[in-house]
Amino acid sequence: MAAPATHPAASLDPEDIAALLDDRPREGIFRVSRDAVREQAIFDLEMRHIFEGSWVFLGLAAQIPRPNDYFATRIGRQPVVVSRDAGGAIHCFVNSCRHRGALVCHRNAGNAKRHTCQYHGWVYDSAGRCVDVKDEKEGAYTDAFRAEDHGLQPVKLGDYRGFLFGSLNPDVPPIEEHLGDVRIMLDLLVDQSEEGLEVVPGVVRYTYNGNWKLQLENGTDPYHFTSTHPSYIQILGERGKKAAGANRTTSIYQNFNQKSVSRGAFCFRNGHAAIWGETPSSDARPLWSRIDAIRARVGETRAKWMLHTRNLTVFPNVQFAENASLQMRIWRPVAPGLTEMTTYCLGPRGEDRAARATRIRQYEEFFNPSGLATPDDTTAYEDCQSGNRTENVFDWHQGYARGLAAVQQGPDPHAAELGLNPVSSILGAFDLGDETVFHEVYRTWRDMLRKGVEKDLAAEAKAAGARP
Amino acid sequence: MSPDLSGVAAQVLYEEARRLDEQRFEDWLAMYAPEAVYWVPAWTDEGRPTADPETELSLVHCTREQLAERVARVGGGRSQASSPLPRTAHIVSNVMAQPLGADRMRVRSVATTHAFNIKRRESATAFALVEHELARAGEDWLIVRKTVQLQNDYIATMMDFYTV
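From first to last, the protein sequence lines stand for chains A and B.
Going by this note's numbering, the first sequence opens with residue 1, and the numbers climb by one from there.
Going by this note's numbering, the second sequence opens with residue 1, and the numbers climb by one from there.
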């Protein structure tokens, strides 16, 4: 199946893409154009060359534990299904009947041995194979038709320890190579239990009127916390005062003291990034009740890192945020100024009932769009989108400069103790509010767009040369 | 179903809605008993509302103490999601009450809430199947439990106690 040689999105040339970043490390300058969040032409290129041109996160194998379990999602604009077949193998295929393109899977998740297109009745099994072309014998088909594969189109699937990724472009490096050292950060999630992770039942979906990169940045942005969330910090402070009398800890942030807490960040290859910090009150972590067994199993260093707060971005579309609880947040860009969020609470399998309830309550009040923190974030994204409206107001965003005078190339001792080899590392007081953590994200973003445009232009030139 | 009781229950629900729409949140909170539980279940990907808040996710699961925190947050001016506060209109209908002994009742209703986001100049609608458990307190009825099953759980930016 040959891709079309021309496409509608090549309105920007490689120089336009390069001009979206002002990246001069030797001069201590890193700036991002306002166009990055508002331009339809850039959004179209992001869809084509990032979300539909490389690996994106789909979900967890733990969401489909039994044979014939499935969930439906999208890669970029394209609906896909992730399905465990009758034999237990996981597949990803395009959620679109081969007959006329209708969706064959209509629910978010479920269990089905067969997926039947409701339009003309073609039937597919849980491995995506076409098992019935309705009235095939009577259909006067040719041999040429019968020689075609009628199965749902397969999507390249990557499975790293149950973290499932898909790519509509089959020409991508192996998933292990794409993830690189991020695998070590994912291991810190899986290995909290010998039985791995599970999804707490219940999904929360919401939208915000802002660009997807605003969420991507927010997840590793320590600078906003004190100014965006004072109402939440105030509530925690009041609870702390009440609990002090009762001698109990109610939140990991209860003993939150900006001066004593340090925060670090890592930039990884391929646009991945992480921030981390020591937990002010480890005993409020759901993990705390089992920490001795965890230390014995994974060692002191990794157990310590499991108790650190860690926010991890796996470029381009998922974050794992572990602080008061553990959130998996997946975003889907809908338009330059509209993003859909799909969010889940995760926990280690086998967690005791009290710890699980604590995990869920802390999750709800921190992460939910109906909670005490996230609404103030999403409202801020919308304010950003509103303030970045027209190309006639142009300047560089100045919000990528914090930490530039302190960031070091390669691993710092904290990265090294975990076996990480990041592109850059930084550590400082809580008030450092590092912003260098975004730099590799944007370099990767720019390079993927630029290479994509160059490839399309070369294909167009070749096609033009072939025409008489 | 008891028609007389349903009439009494409707007055309580209308009063609750009125206090929310007039942004009299302290007065709204006063309608809740000290042991009250306020619950908005989430939905699963398979399409059922979650049933056990201890093992499954909720959109909101609050004690009265935590509702009081929310009221303080909304009124405190330090939450940009709550400032300026959306204007709302709560429409309560299909009220059906069942007695649970002499001093308690379970009330089912349907609620449509319109919320106007002043900053964005946009309106959103939430519609829900609601269940209240009311307990007599002298002349009044207090809310001891409210469960809001949000039927359109595809949330535009944010939700809070005053938008459902």
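You may find that some hints are simply not true.
[Stated by the list, open to error] Just so you have them, the derived chain A footprint on chain B, three or more residues with Cβ under 8 Å: (1) 56-69; (2) 100-111.
[As the list claims (entries may be wrong)] Just the calculated beta-carbon pair ranges, DEER-fashion: (3) G47/B <-> G101/A: 22 to 30 Å; (4) H224/A <-> D52/B: 30 to 38 Å; (5) Q23/B <-> A18/A: 48 to 56 Å; (6) V334/A <-> A30/B: 47 to 55 Å; (7) R161/A <-> G7/B: 35 to 43 Å; (8) F394/A <-> Q11/B: 36 to 44 Å.
Hints were generated in silico from the structure; no laboratory data involved.
These figures come from a predicted structure and were not determined experimentally.
Just so it is clear, CB atoms sit at the ideal spot from N, CA and C, and this is done for glycine as well.
- Message: I'd like to know which numbered hints this structure contradicts. Please list them from smallest to largest.
- Response: 2, 6, 7, 8
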